[in-house]
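S.K.: Each chain, letter by letter, is given below.
Protein chains: 2
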Amino acid sequence: MTAQVFSFALEARDGAARSGVIYTARGEIRTPAFMPVGTAATVKAMMPDSVRETGADILLGNTYHLMLRPGAERIARLGGLHKFMDWQRPILTDSGGFQVMSLSALRKISEDGVKFQSHIDGHAEFLSPERAMEIQRLLGSDIQMVFDECPALPATHAAIEKSMALSMRWAKRSKDAFGEQTDEERAGKACFGIVQGGTFADLRVRSAEALQEIGFDGYAVGGLAVGEPQSAMFETLDATVPHLSQDRPRYLMGVGKPSDIVGAVLRGIDMFDCVLPTRSGRNGQAFTSEGTLNLRNARFAEDAGPLDPACDCPACARSSRAYLHHVVKAGEIIAAMLLTWHNLKFYQDLMQELRQAIFESRVEALALRYKAGENPTSKGESCP
Amino acid sequence: MTAQVFSFALEARDGAARSGVIYTARGEIRTPAFMPVGTAATVKAMMPDSVRETGADILLGNTYHLMLRPGAERIARLGGLHKFMDWQRPILTDSGGFQVMSLSALRKISEDGVKFQSHIDGHAEFLSPERAMEIQRLLGSDIQMVFDECPALPATHAAIEKSMALSMRWAKRSKDAFGEQTDEERAGKACFGIVQGGTFADLRVRSAEALQEIGFDGYAVGGLAVGEPQSAMFETLDATVPHLSQDRPRYLMGVGKPSDIVGAVLRGIDMFDCVLPTRSGRNGQAFTSEGTLNLRNARFAEDAGPLDPACDCPACARSSRAYLHHVVKAGEIIAAMLLTWHNLKFYQDLMQELRQAIFESRVEALALRYKAGENPTSKGESCP
Numbered sequence: 000m001t002a003q004v005f006s007f008a009l010e011a012r013d014g015a016a017r018s019g020v021i022y023t024a025r026g027e028i029r030t031p032a033f034m035p036v037g038t039a040a041t042v043k044a045m046m047p048d049s050v051r052e053t054g055a056d057i058l059l060g061n062t063y064h065l066m067l068r069p070g071a072e073r074i075a076r077l078g079g080l081h082k083f084m085d086w087q088r089p090i091l092t093d094s095g096g097f098q099v100m101s102l103s104a105l106r107k108i109s110e111d112g113v114k115f116q117s118h119i120d121g122h123a124e125f126l127s128p129e130r131a132m133e134i135q136r137l138l139g140s141d142i143q144m145v146f147d148e149c150p151a152l153p154a155t156h157a158a159i160e161k162s163m164a165l166s167m168r169w170a171k172r173s174k175d176a177f178g179e180q181t182d183e184e185r186a187g188k189a190c191f192g193i194v195q196g197g198t199f200a201d202l203r204v205r206s207a208e209a210l211q212e213i214g215f216d217g218y219a220v221g222g223l224a225v226g227e228p229q230s231a232m233f234e235t236l237d238a239t240v241p242h243l244s245q246d247r248p249r250y251l252m253g254v255g256k257p258s259d260i261v262g263a264v265l266r267g268i269d270m271f272d273c274v275l276p277t278r279s280g281r282n283g284q285a286f287t288s289e290g291t292l293n294l295r296n297a298r299f300a301e302d303a304g305p306l307d308p309a310c311d312c313p314a315c316a317r318s319s320r321a322y323l324h325h326v327v328k329a330g331e332i333i334a335a336m337l338l339t340w341h342n343l344k345f346y347q348d349l350m351q352e353l354r355q356a357i358f359e360s361r362v363e364a365l366a367l368r369y370k371a372g373e374n375p376t377s378k379g380e381s382c383p
Numbered sequence: 000m001t002a003q004v005f006s007f008a009l010e011a012r013d014g015a016a017r018s019g020v021i022y023t024a025r026g027e028i029r030t031p032a033f034m035p036v037g038t039a040a041t042v043k044a045m046m047p048d049s050v051r052e053t054g055a056d057i058l059l060g061n062t063y064h065l066m067l068r069p070g071a072e073r074i075a076r077l078g079g080l081h082k083f084m085d086w087q088r089p090i091l092t093d094s095g096g097f098q099v100m101s102l103s104a105l106r107k108i109s110e111d112g113v114k115f116q117s118h119i120d121g122h123a124e125f126l127s128p129e130r131a132m133e134i135q136r137l138l139g140s141d142i143q144m145v146f147d148e149c150p151a152l153p154a155t156h157a158a159i160e161k162s163m164a165l166s167m168r169w170a171k172r173s174k175d176a177f178g179e180q181t182d183e184e185r186a187g188k189a190c191f192g193i194v195q196g197g198t199f200a201d202l203r204v205r206s207a208e209a210l211q212e213i214g215f216d217g218y219a220v221g222g223l224a225v226g227e228p229q230s231a232m233f234e235t236l237d238a239t240v241p242h243l244s245q246d247r248p249r250y251l252m253g254v255g256k257p258s259d260i261v262g263a264v265l266r267g268i269d270m271f272d273c274v275l276p277t278r279s280g281r282n283g284q285a286f287t288s289e290g291t292l293n294l295r296n297a298r299f300a301e302d303a304g305p306l307d308p309a310c311d312c313p314a315c316a317r318s319s320r321a322y323l324h325h326v327v328k329a330g331e332i333i334a335a336m337l338l339t340w341h342n343l344k345f346y347q348d349l350m351q352e353l354r355q356a357i358f359e360s361r362v363e364a365l366a367l368r369y370k371a372g373e374n375p376t377s378k379g380e381s382c383p
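These protein sequences, in sequence, are chains B and P.
For what it's worth, numbering that gives the first Met the number 0 labels the leading residue of the first sequence as 0, then goes sequentially.
For what it's worth, numbering that gives the first Met the number 0 labels the leading residue of the second sequence as 0, then goes sequentially.
It is worth saying that the hints were derived from the structure and are not from the lab.
Hints may contain errors.
Lysine-lysine pairs mimicking BS3-like chemistry, simulated, CA-CA at most 30 Å apart [as the list claims (entries may be wrong)]: (1) K82(B) with K161(B); (2) K114(B) with K107(P); (3) K171(P) with K328(B); (4) K161(P) with K114(P); (5) K82(P) with K328(B); (6) K161(P) with K328(B); (7) K161(P) with K107(P); (8) K328(B) with K370(P); (9) K171(B) with K107(B); (10) K82(B) with K328(P); (11) K107(B) with K328(P); (12) K171(P) with K161(P); (13) K171(P) with K114(P); (14) K161(P) with K82(P); (15) K161(B) with K107(B).
To be clear about the criterion: a stretch of chain B counts as covered by chain P if any three or more of its residues have a C-beta under 8 Å from a C-beta of chain P, and this derived list gives those stretches [unchecked claim]: (16) 29-41; (17) 69-82.
Glycine included, every Cβ here is placed at the ideal spot set by N, Cα and C.
So that you can see chain B by itself, here it is in the shape it has in the complex (with noise of 0.2 Å):
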């Protein structure tokens, strides 16, 4: 179950779709997977034992709100993140990178890195692709991310070459300081570069070429699920995804809405991580098999019927639509706890249905069914 040495085995393929298993230190992973987002060392409203209840082999960290609160040390000290969280699982950790963009104030971007001020007290911060790999070894993540540059969309070209060709210059920086980690804190574990590029196919080609020289345990497409149309992000992928290796797990990053995950496997991706479930769980949204539904709206007063039919999560199996509208009414913490666990079960559910749908030659029948009515890709739900 846990392996000492980091793998991917690919078991089925329909398509460009795929389905494996991820080795790692701390269990397998089973692909095309959904990573819950646990920013500050907490899948919100979630007990760590209901995340891995509803289906979830792997979550997501944030570097940069770890290494403001409580601080990468700090965490190190106390054990680690997996010690710390309460989750024995594997762990993937952004670089930062992103957060540092949307999140910071006064910024300042140098070849060295990101000078900024803590969003939370202002104190001033720096990351590099050297402190970013430094932190995350310290959490003990299990997939480390390379640092890079985010650049807000639309932007030229000029622009998205110059920051691209950065990222690329931080991401062998980021490898070397991986690479200088002891064998023992390596083991299992794995570095995982980011293609940028915006939504330029010529850079994203370059981009993964040039991560494929550096060499990475998995490649990862960033700066995607910002904004723009899904139509975009789906021939970014197009573009993308047949410059990757084919032996290595593939990341989208922040993505997405159902049928944007559902697009994406389409086009070969393996990994996928986004707020949008538990972030809607708390704002009173359910992703259910009839649809999105608002518990806020009235007519679920007296809808005595359960949140969805076709799930046994606790909030469809022992609670109504009408106890869920009650309870959001009146901002009970129960609301944010029920619909925050149906909604990741759902994404997970989603998951399995589309590894069982590779395995049986039937990917592009289900994905009829996710057909995207949902453009364009929400900014902000993206990353937290």
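Got chain B; can you put chain P on it based on the hints?
M.R.: For chain P alone, kept in the frame of chain B given last:
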């Protein structure tokens, strides 16, 4: 386990303290019992299964809150409060008398009842003995409380006497209204009277005698824990309890801190409810075998030890004080979930300890560990 006739069996005595079992249509209640407060059809931040896991036999629901949102008739149409909130064991409901006084605006009290405005939307509402009992019937409450007037303390003897006399007339009307429920509706259920009279011993005695003349399935002591010193509360119990029937359960409403509960058990009280464990949990405070801890305190930032070494709840078994400090500071929902769970477990463990000590004739010795250093009772903590 479930009973068609509500009854109370005393099983052990130790001085004035006693332990027994209350039999109801929805199951047994071991006494002395602590009832977690489920104000708005949820014990805040807890799944119903988790509440049961802490050892709770019975919950308290609030007539005032539920009548305003989602409404008693609505809950009845949805199958009753037990089904609505997914708690199949006994529920005691208060009558709304306390909250009408503490929460609503523009109250107008007459012999008939109380006109008031909802604190949620200003809607005009009315509560009377008959309406309070009707609401409790609609909710399907197992133990229904008479409608009473809760005067603010301090007040003159004359004012409290007048208010108590009104409460006694309302108690008779409440009992009559309960008697008009069908045999099926009342099977295995109970109606409790509430002793009033402030801290005046003579009024408490008269109130206790008036209620016993009417005849109830149990007797509550109301109007305490509203800011008076603990000694005044205990003196009032000393004056009141000897005048309450030995063979009926006795319930001290809205109490309290651990030392309040222990002192009241020594004086012959069988049942308690209080928001303190749940509200404190949401505020970052924990009751532990080492005293009350404020997890917000910086001294816990790197404390790798368990919250309470004497406890086996999820907060204690699976997280550190450092983690709890972090999630409290970050305002994460998991902080409320873990600390509420722990505090409810602490209270239920205390009740179990008291029951055991009564059986073993050593409750006085146990009580020495909880001698009151925490006076006075905190106003506003005692009721939601």
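S.K.: If a hint holds in the structure, say so; if it doesn't, say that too.
M.R.: We went through each hint and held it up to the structure:
1. K82(B) with K161(B): The given pair, whose Cα atoms are some 40 Å apart, is violated under the 30 Å limit.
2. K114(B) with K107(P): violated (62 Å)
3. K171(P) with K328(B): violated (36 Å)
4. K161(P) with K114(P): Cα-Cα ~19 Å, so holds.
5. K82(P) with K328(B): Holds, because 19 Å separates the two Cα atoms, which is no more than 30 Å.
6. K161(P) with K328(B): violated (39 Å)
7. K161(P) with K107(P): holds (16 Å)
8. K328(B) with K370(P): violated (42 Å)
9. K171(B) with K107(B): At roughly 21 Å apart (the allowed maximum being 30 Å), K107(B) and K171(B) satisfy the hint.
10. K82(B) with K328(P): With a Cα-Cα distance of about 19 Å, the restraint between K82(B) and K328(P) holds, given a limit of 30 Å.
11. K107(B) with K328(P): The given pair, whose Cα atoms are some 28 Å apart, holds under the 30 Å limit.
12. K171(P) with K161(P): Holds: K171(P) and K161(P) sit about 16 Å apart, inside 30 Å.
13. K171(P) with K114(P): Status holds; Cα separation ~20 Å.
14. K161(P) with K82(P): With Cα atoms ~40 Å apart, K161(P) and K82(P) exceed 30 Å; violated.
15. K161(B) with K107(B): Satisfied, since the Cα-Cα distance of roughly 16 Å is no more than 30 Å.
16. 29-41: holds (count 3)
17. 69-82: holds (count 5)
Checked against the numbered hints above, the structure violates hints 1, 2, 3, 6, 8 and 14; every other hint is satisfied.
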